[in-house]
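Student: Top line first, the protein sequences correspond to chains A and B.
FYI, this note's numbering numbers position 2 of the first sequence as -3, with every residue one higher than the one before it.
FYI, this note's numbering numbers position 259 of the second sequence as 254, with every residue one higher than the one before it.
Treat the hints as calculated values from the structure; they're not laboratory data.
Don't take every hint at face value.
For identical chains, the list gives no copy identity; a pair is met inside one copy or between any two copies.
As the list claims (entries may be wrong) - Below, computed lysine to any residue pairings styled on SDA-like, alpha-carbon distance capped at 25 angstroms:
(1) Lys151 / Trp214
(2) Lys235 / Val36
(3) Lys235 / Arg94
(4) Lys84 / Trp214
(5) Lys151 / Ala213
(6) Lys84 / Ser73
(7) Lys84 / Ile0
(8) Lys84 / Ala213
(9) Lys235 / Asp136
Number of protein chains: 2
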Amino acid sequence: MLTNIGSDRVRSVRALSRRAVREREALFLAEGPQAVGEVVVHRSDAVQDLYVDAQSGTRHTAVLHAARAAGVTTHEVSSEVLAAMCDTKAPQGIVAVCRPIDVDLDAVLDVRPRLVMILTNVRDPGNAGTVIRGADAAGADAVLFSDSSVDIYNPKVVRSTAGSLFHLPIVIGVPIPVLLDRVRGAGMALLAADGTGQSELADIDLTGPHAWVMGNEAWGLEPGVREACDAVVRVPIYGKAESLNLAMAATVCLYTSAGVQRTAPTSR
Amino acid sequence: MLTNIGSDRVRSVRALSRRAVREREALFLAEGPQAVGEVVVHRSDAVQDLYVDAQSGTRHTAVLHAARAAGVTTHEVSSEVLAAMCDTKAPQGIVAVCRPIDVDLDAVLDVRPRLVMILTNVRDPGNAGTVIRGADAAGADAVLFSDSSVDIYNPKVVRSTAGSLFHLPIVIGVPIPVLLDRVRGAGMALLAADGTGQSELADIDLTGPHAWVMGNEAWGLEPGVREACDAVVRVPIYGKAESLNLAMAATVCLYTSAGVQRTAPTSR
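Take the sequences, apply the hints, and build the full model.
Tutor: This is the structure in structure tokens:
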């Protein structure tokens, strides 16, 4: 059992809370039983090491069993060591050190997606994670992040995806113009979601393959991005609210698309 | 200008960050230009005092002008005093001390609402506030909280409503059985939202007056509440996500209702 909170191993795991270290080491943390459980079940190939607090090991029997069955290396540690490794205040006794799970844009486009979410300039970790969770729930084929977005391996993003980070393909780091060109080239319509859009959500034909494009939580879409899209669409505000927050607007758009695509006769 | 951060006034404003004090004094805080702007425009009757940081006063000219036009008492304070008054780390130079804005259930039901949100046992301030914001955006007639819910005057709730707290009627503190009986008695169908529901959202008739009923973010609806409702409805999960979070599920339900009610011929 690892008990020395000053060891190199503990410090190197803890350092993964910092973006620069994550990028240099090409590793990130999945903290808590939900995230660890989902990475073990869906992406065990990405798990480098799994650490479990000896006292809470019995609470995580199912996760540990699945991990060992998948050939993941597990280590018992003291609760002090686990706390020292984690970014979270309450890590709930389990953490996995993982290799990046993002995929190439080609891998997404090659399988002819019908519904994807493109996030440009999204900076808040909670928003980004919640959008990934909403996209997963709505059955979207992928989430694509521009190069000017929050790091998806930030522990706050990982946590707020509630495991969805390991459920659907995620693309990161592509410049916005390239992202838009490539997605359009794959036969998808580009729909900018914006509170000031000329078209209302209910009036847009969502039966064909399309990508929702969303901008920064405070200042929205860059003008050039709005212009590059096929339509600028607003979620209607029926009351006095100024807007929906980014994650809510994204979820409403994705669920509206999913509802239409799953009832409409498909052209494939 | 108030400059003494140790004064009784500063301490009594600051104390409103605590629930017991809010309840004893029947006052709460609206912090930052968005919340203060919305309470001044929509509920100036509820504002007891408004404090503005002398340095940032010029940034809030529109809010201050509206406040003075509405007869609200405004006080200039030093930025140290403003920071000492607030719960927020970055209060952005302006805070209002407000009287409660909740209304009686009768006042909501007397005007024959067509769409309301009922929250039972919701505990997380961010979730509660985001649901209020979503209900406002979707044009719901009211949000009703059971007596076992988070305090809506918690600064985190106020903040996450993004001003919507002052836009639509909010009812608090009603025991769940009373809430359900009275809402049904007003001719509304009770629809429990639950990931394990037998009915899917798309299959429910949403044209008539109805209330969505949501439970605790971790353990969902109490069995008795599920049984008391006319239907238990699930938002479909098309991907691998275990669930949507409470605020996302609430927003999807409310927007689906609003879309149906606003296009269907009304029976009123």
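Student: Are the hints correct? Go through all of them and say.
Tutor: Comparing the hints with the structure gives:
| no. | hint | result |
| --- | --- | --- |
| 1 | Lys151 / Trp214 | both (22 angstroms within a copy, 23 angstroms between copies) |
| 2 | Lys235 / Val36 | between (44 angstroms within a copy, 11 angstroms between copies) |
| 3 | Lys235 / Arg94 | between (45 angstroms within a copy, 21 angstroms between copies) |
| 4 | Lys84 / Trp214 | between (31 angstroms within a copy, 22 angstroms between copies) |
| 5 | Lys151 / Ala213 | both (19 angstroms within a copy, 19 angstroms between copies) |
| 6 | Lys84 / Ser73 | within (16 angstroms within a copy, 34 angstroms between copies) |
| 7 | Lys84 / Ile0 | within (16 angstroms within a copy, 32 angstroms between copies) |
| 8 | Lys84 / Ala213 | between (28 angstroms within a copy, 19 angstroms between copies) |
| 9 | Lys235 / Asp136 | between (34 angstroms within a copy, 11 angstroms between copies) |
In summary, the structure agrees with every hint in the numbered list given earlier.
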